[in-house]
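Asker: Both chains are sitting in their own frames, so use the hints and assemble them into the complex.
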Amino acid sequence: MEIATREFKRCTVVEVSGRIDSATAPELAETFQDLQADGQCNLVLDMSDVDFISSAGLRVLIDTQKRCQRQNRGKLVLAEVPEHIYEAFDLAGFDALFSFYDEEIEAVGSF
Amino acid sequence: MCKKETRTFPAEYDSLAAIDQFIADAARCAGFDRCTVYQVQLAVDEACSNIIEHAYGGEGPGVIECSHRVEDGNLTVVLRDYGDPFDPESVPEPDIEADLEERTGGGLGLFFIRRIMDEVTFDFDSEVGNVLTLVKRKGSFC
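Here the protein sequences line up with chains A and B, keeping their order. Here the first sequence is numbered in the working numbering, starting from 1 and rising by one per residue. Here the second sequence is numbered in the working numbering, starting from 1001 and rising by one per residue.
One chain only, chain B, in its complex shape (with noise of 0.2 Å):
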């Protein structure tokens, strides 16, 4: 049985690398094969790096709280932060076939996130802070 867990991490790009070994362990206990462990890792990976870098507009004092559940062999994670929020429908899908001299790697993130993960979903709060929820879904393998 996998257990539920949250962890704080501050939100600095150094810690990307521990808040990924935290999402694969829960990823892998859900049963996911590797290469949906390794688009769960991306998505998170991406999501907090957005969190840095626009909601608390870089490195800094914030902190971002990362939490997992796995219910039915479904994995949930929940990103909260307590930066600005942001629109995410104002985030241009980037034209993955563009020419190169157009293409910029700009939205490329939210662009993972939304194509790896089952169910996206944004919730911004001044009170309770900003809360990301990812879910991906049993049997959803790439």
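The shape of chain A in the complex, shown without the other chains (with noise of 0.2 Å):
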């Protein structure tokens, strides 16, 4: 896995490749945090170059969610998901606690 990450004025990128799995999730979760120790909240995750993510990083998406929305301090949201990952996420019910979007620009241009 590697994690690139790109400020723009109003959010963050995340672009994530490879395996999201329990040997790599920690190193996204720490990512993630380190954003938002930054005060980073406004967060995309570019998840077109992602071959896999188990329920090892859906976890960490999960709890990346509540750290932001906990006092309205921002969110995570996901652009460009593969759709058989995208199958995943909506056997996980992943549609309510996040917004998706086909196309990074826009989830950038959503904040």
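No lab work stands behind these hints: they were computed from the structure. Keep in mind that this is a model prediction, so the values were computed, not measured. The reader is advised that the hints may include incorrect statements.
As the list claims (entries may be wrong) - If you want the footprint, here are the derived chain B segments under chain A, 3+ residues with CB under 8 Å:
hint, stretch
1, 1015-1025
2, 1032-1041
3, 1074-1087
4, 1104-1115
C-beta atoms are modelled at their ideal positions from N, C-alpha and C, and glycine is treated no differently.
Answerer: If you want it as structure tokens, here you go:
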């Protein structure tokens, strides 16, 4: 898994490639926690290059969203989620917890 | 024709990517579409993560024996470990309609396994180890 972050005026894009599983999810959690500690809670996760995400990754997204939304500090939105990964999000009821955007630019523009 | 195969992996999270590849190859050979191959990968990853975390109580010297076979287009995956048995009935199903604050993400792994696979059988035996048999049937595309 590789993680890159890009700062925009109103949000930060976290771009992940590869596998988000029990081995790699802690590194993603740390990335989000560091951003939040710096006061950045308007977050876009660009998933276009994610090959795989397990429930360990889903837990990171839930925890990040909880921390962002407490005290209305911001939110995490998901962009360019591959169709086969979206099926798993759908099974887990993620539709009600996250906003999904087909294009990263739309997600950035939502803030 | 798909080859029946067994491989043994260290019970470490770094094994998950190799197990994933091993299972994805079998699922593709069985003729499943991309979405279904991915779902089988997800179910097996969740099962192996649970073995490491719960059966072995974390990464350590244990092993996970993975076998797959394809018969009449049906894929059977068998995972064996020698850790502690656990009662799958003791894991409550997550409430996927709960509000964000009530969501913990706990129990999602077993939830995925049960939703994705057509047959899920746990056998616990102190002599031969814990055996989880997962079947995805031909034609059960997502």
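Asker: Checking each numbered hint in turn, tell me which of them this model violates, lowest number first.
Answerer: Hint check: 3 fails alone, others pass.
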